[in-house]
Amino acid sequence: MSFARQLKELVKTSYVAWAFIALIACDLFCHVAWPNLKLDHFASPNHSMVWWTIDDFRKQQKNPDIVLMGSSLLMHVLHGGDAEYLQLPQNEVFHHKAVMLENLLKEKTGASVNTFVFALAGQMASDAYALSSTLLTGERKPKAIVYTIAPRDFMDNTFSNPASTEIFKFMNHLGGAKDVAWQARPGFLDKVEYGLENLSALYDHRQYLVYLQHKYSESVLKLIGFKNMAEIHTPFKLRRLALLDLPEHTGTNERIACPNLPPTFTDNSDEYRMRYQPFKEKPYRIQVAYMEKFLSYCKQEGIQVILVNMPLLDQNLKLMPQGSYDLYKSTVQNLASKYDAQFLDMHDPATFKQEMYCDTAHMNGKGGMKFFTLLSEKLANDSKLAIGKQGTWQ
Amino acid sequence: MLFNSIKYALFLPVVAILFWILPQRFRVPLLLAASYFFYMSWRPIYIFLILGLTVGNYFAGLLIANQPQRKKFWMVTAVAANLAVLVYFKYAYFADETLAAMLKPAGIAVPAIPFEIVLPLGISFFVFEFIHYVVDIYRGGAPVKSFMGFSLFASFFPTQIAGPIKRYQDFVPQFLAEAKFTPQCLDEGVTLILFGLFKKVMIADNLSFFVQGGFSHPELFTGLDLWIFTYAFAFQIYFDFSGYTDIARGSAKLFGYKVPINFNLPYLANNMANFWHRWHISLSTWLRDYLFIPLGGSRCSKWLNYRNLFLTMALGGLWHGAAAHFFFWGIFHGLALIVHKEFQNLQELVAPLKQFVQSKTGHVLSVILTFHAVCISWVLFRAETNEACLSILKKMFFLDPAAQGASMLAMKLPEINYPLVYPSIYILLPILVASHFIMGYVNEKKLLDNVPKGMKAVYCFTLMVIILAFSPDKSPRFIYFQF
Chain Z
1 MSFARQLKEL
11 VKTSYVAWAF
21 IALIACDLFC
31 HVAWPNLKLD
41 HFASPNHSMV
51 WWTIDDFRKQ
61 QKNPDIVLMG
71 SSLLMHVLHG
81 GDAEYLQLPQ
91 NEVFHHKAVM
101 LENLLKEKTG
111 ASVNTFVFAL
121 AGQMASDAYA
131 LSSTLLTGER
141 KPKAIVYTIA
151 PRDFMDNTFS
161 NPASTEIFKF
171 MNHLGGAKDV
181 AWQARPGFLD
191 KVEYGLENLS
201 ALYDHRQYLV
211 YLQHKYSESV
221 LKLIGFKNMA
231 EIHTPFKLRR
241 LALLDLPEHT
251 GTNERIACPN
261 LPPTFTDNSD
271 EYRMRYQPFK
281 EKPYRIQVAY
291 MEKFLSYCKQ
301 EGIQVILVNM
311 PLLDQNLKLM
321 PQGSYDLYKS
331 TVQNLASKYD
341 AQFLDMHDPA
351 TFKQEMYCDT
361 AHMNGKGGMK
371 FFTLLSEKLA
381 NDSKLAIGKQ
391 GTWQ
Chain Y
1 MLFNSIKYAL
11 FLPVVAILFW
21 ILPQRFRVPL
31 LLAASYFFYM
41 SWRPIYIFLI
51 LGLTVGNYFA
61 GLLIANQPQR
71 KKFWMVTAVA
81 ANLAVLVYFK
91 YAYFADETLA
101 AMLKPAGIAV
111 PAIPFEIVLP
121 LGISFFVFEF
131 IHYVVDIYRG
141 GAPVKSFMGF
151 SLFASFFPTQ
161 IAGPIKRYQD
171 FVPQFLAEAK
181 FTPQCLDEGV
191 TLILFGLFKK
201 VMIADNLSFF
211 VQGGFSHPEL
221 FTGLDLWIFT
231 YAFAFQIYFD
241 FSGYTDIARG
251 SAKLFGYKVP
261 INFNLPYLAN
271 NMANFWHRWH
281 ISLSTWLRDY
291 LFIPLGGSRC
301 SKWLNYRNLF
311 LTMALGGLWH
321 GAAAHFFFWG
331 IFHGLALIVH
341 KEFQNLQELV
351 APLKQFVQSK
361 TGHVLSVILT
371 FHAVCISWVL
381 FRAETNEACL
391 SILKKMFFLD
401 PAAQGASMLA
411 MKLPEINYPL
421 VYPSIYILLP
431 ILVASHFIMG
441 YVNEKKLLDN
451 VPKGMKAVYC
461 FTLMVIILAF
471 SPDKSPRFIY
481 FQF
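Chain order of the listed sequences is Z and Y. Here the first sequence is numbered in my numbering, starting from 1 and rising by one per residue. Here the second sequence is numbered in my numbering, starting from 1 and rising by one per residue.
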């Protein structure tokens, strides 16, 4: 029997084949139906820091004038710095405005500058491109992006590929960074999974379907008498277990930055040694290429970019392979000048002393305040930004 | 390569299509190559272990068959060699630590093993298959002539990691015979795989986090909560392992091969002996044939019979892992089987008791009692430390009268994990219990035999949609992979 006849016979007699055909038909129907259903692509049962940040960004009534972007280095500066400045604990889940920076800019220029901060741990240059090209478009476009960078954003051996981060995946899910989605997945299986997402509407929208299932299940629970579920707080001992399973999940009261903390210092040299060594040329070049795409996108959209080289302790710098810090700096400087961006080198060991750090890379509240003080001075005096000199900033 | 991974979802259809496209003479080599590839995808170096054992047992089988005067010697040597490999990889640390603890009071220091021993995946299963092979040849079975066929028997990828433990007499002839593709192979195979995946990713994985919370921090929960965690674990381990077995059987069916069943609704057992006829059947029959019967079985004095039961179950417990709690779990089952035997003897003496046990009410009560006895044994199996085990059992048996009902916290727990088809354990557990009874009824009445194809298609379609949409991105390993 020929293969075609065998296949025809199979389709005629196999119920699994019928089920498979029904699945394809159902998926095609979903392809057609989804756009008309106006699904909320942001809806997710998994509330990570990325989700909280984007959720907050969507709720902003006013478009931000300045968007600050960066990794955990910026997170520490923002939350610790503002907590110290305001003398109030800051709930990191909801704190996405650089309050101290806004106030200092107001003092120095008289302009009310509205900020929004995408400070997300582990953010790479590829994530910055995905975030900006997906969210900072059209009406949501800021006047300027202050992108705080450090060598780890380009050379991190614990990072597998650009599409492996939650930020990149989320942006892809929102329909962004499609131009690089395929090349950002060098692995065969990653490509297969991405292909499946594009092919199957059901698979692509699984996060939304799970969200719906949670929502309706909660309604069922309420119907059977469980009305006060939201009032129950899971003890942290149990949350720890959940975090082992789903480390990115963050509860609303789980990350609080407090002021007046006693100075502590953790030597995280081993961690950073692992990140930096050995220097891998290919992933570094890939991240540089994403940085170039980011700068090119911003130039094309008319967004002023200020690249801020973050301060690090000398102890951290010494962990990098010979010459790699200079290579990173010169590359970023060259790119900045190529795309009319500005490069602010805030790495100044004389200003940022060890007592301003909580480890070899991340600053504490005091360091955060110092950072915002210096940054506000530089931004206020920036002739290109011209804060306070244009009506639009008022 | 996990069964519930994209890798396997690509690997299996490719191998199955190639299998049916290729002429018969290339099919066994193809499956063998695929099985070795499957094994090497975890730790390539361990391929030498499985190859070494295959070569050794193949020749041992031939020697036993060809040298009748020395067959006992060859059989004992082969069994000892297989056990030595198993003991080295699985029990070396345990033996070292136990010895050190025992000799410490005498002031003798036993040094720790200075190198790392990584437990090869599936070793407990394929070593048992090799032992079965050499013992059966010794008992008069015909050895497998085809080296390729023998190699595939031991390494066949669907059953390689966690069984079912196959019998060579049933399995080898299947792949040495000409295979012919029928739509039935596809239908039965895919249906089993889908059902297995559903059990694993939709039920077992969702229960897993809930169970972990309760067993890691029993101090946070009431006695009633801990009973619920224990019920949840009972279903988690059942759906995890039977889900794995279904995928294994379904994968084998795609090549037209039959692999023995491992489970038959175990929680409907009405006594402990019946439970072991329904739970991990391939292991319990192996223990019966290669441990219990050689020890003397039941055709001996009552006390010797009890000793044999006790030893078989205690060693069966230890087979699960080199840890005291598995040993105690085995001992519990050994004792439970002895109690059951004594109860049977009592029934023979007290006629009304026998009548009651055989009545409908008696049967239901027996099922409930057996299920709870099994649940208590699961606490021994699952508890993270001996202290935690005692504390859980204490709370379970001495329910705090001040604690009214189960806590809301226990119900909130599963909500944390994502994704979750069932938000509440109080909804899920009764459904699972009911499904067990319904399946028992369906099997008894053979209702599935005459289901129209259209209904079966709807069933498969529903499973496909649920798995596609609700499978978690990260799924824990199958529990029995660690054994």
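Take the hints with a grain of salt, since some may be wrong.
To be verified - Partial pick of chain Z residues on the chain Y-facing surface, computed with a CB cut under 7 Å: (1) V11; (2) W18; (3) Y208; (4) L209; (5) F236; (6) L238.
As the list claims (entries may be wrong) - Okay, derived cross-link-like pairs now, DMTMM-like style, lysine to aspartate or glutamate, Cα gap no bigger than 25 Å in a straight line: (7) Z:K299 to Z:D314; (8) Y:K7 to Z:E102; (9) Z:K8 to Y:E178; (10) Z:K59 to Z:E301; (11) Y:K180 to Z:E9; (12) Z:K8 to Y:E384; (13) Y:K258 to Z:E139; (14) Z:K12 to Y:E188; (15) Z:K237 to Y:E219; (16) Y:K456 to Z:D55; (17) Y:K453 to Z:E254; (18) Z:K106 to Z:D156; (19) Y:K7 to Z:E166; (20) Y:K7 to Z:E139; (21) Z:K237 to Y:E384; (22) Z:K12 to Z:D27; (23) Y:K456 to Z:D27; (24) Y:K453 to Z:E166; (25) Y:K7 to Z:D204; (26) Z:K62 to Z:E102; (27) Y:K7 to Z:E9; (28) Z:K237 to Y:E387.
Hints in this document: simulated from the structure, not taken from any laboratory. Every residue, glycine too, gets a C-beta built ideally from N, C-alpha and C.
Here's how the hints hold up against the structure:
1. V11: violated, 9 Å
2. W18: Because about 4 Å separates W18 of chain Z from the closest Cβ in chain Y, which is inside the 7 Å limit, the hint holds.
3. Y208: violated, 9 Å
4. L209: holds, 5 Å
5. F236: violated, 10 Å
6. L238: holds, 5 Å
7. Z:K299 to Z:D314: Violated - the C-alpha atoms of D314 of chain Z and K299 of chain Z are around 33 Å apart, more than 25 Å.
8. Y:K7 to Z:E102: violated, 50 Å
9. Z:K8 to Y:E178: holds, 23 Å
10. Z:K59 to Z:E301: holds, 23 Å
11. Y:K180 to Z:E9: It holds: about 15 Å lies between the C-alpha atoms, which stays within 25 Å.
12. Z:K8 to Y:E384: violated, 55 Å
13. Y:K258 to Z:E139: Violated: K258 of chain Y and E139 of chain Z sit about 62 Å apart, past 25 Å.
14. Z:K12 to Y:E188: Judged against 25 Å, a Cα distance of about 16 Å means the pair holds.
15. Z:K237 to Y:E219: holds, 11 Å
16. Y:K456 to Z:D55: violated, 43 Å
17. Y:K453 to Z:E254: violated, 52 Å
18. Z:K106 to Z:D156: Roughly 37 Å separates the two Cα atoms, so the pair is violated.
19. Y:K7 to Z:E166: holds, 21 Å
20. Y:K7 to Z:E139: violated, 42 Å
21. Z:K237 to Y:E384: holds, 15 Å
22. Z:K12 to Z:D27: Distance ~21 Å between K12 of chain Z and D27 of chain Z Cα, so the pair holds.
23. Y:K456 to Z:D27: Holds - the C-alpha atoms of D27 of chain Z and K456 of chain Y are around 20 Å apart, at most 25 Å.
24. Y:K453 to Z:E166: violated, 43 Å
25. Y:K7 to Z:D204: holds, 18 Å
26. Z:K62 to Z:E102: holds, 14 Å
27. Y:K7 to Z:E9: violated, 29 Å
28. Z:K237 to Y:E387: holds, 18 Å
Violation of the numbered hints given earlier is confined to hints 1, 3, 5, 7, 8, 12, 13, 16, 17, 18, 20, 24 and 27; the remaining hints are satisfied by the structure.
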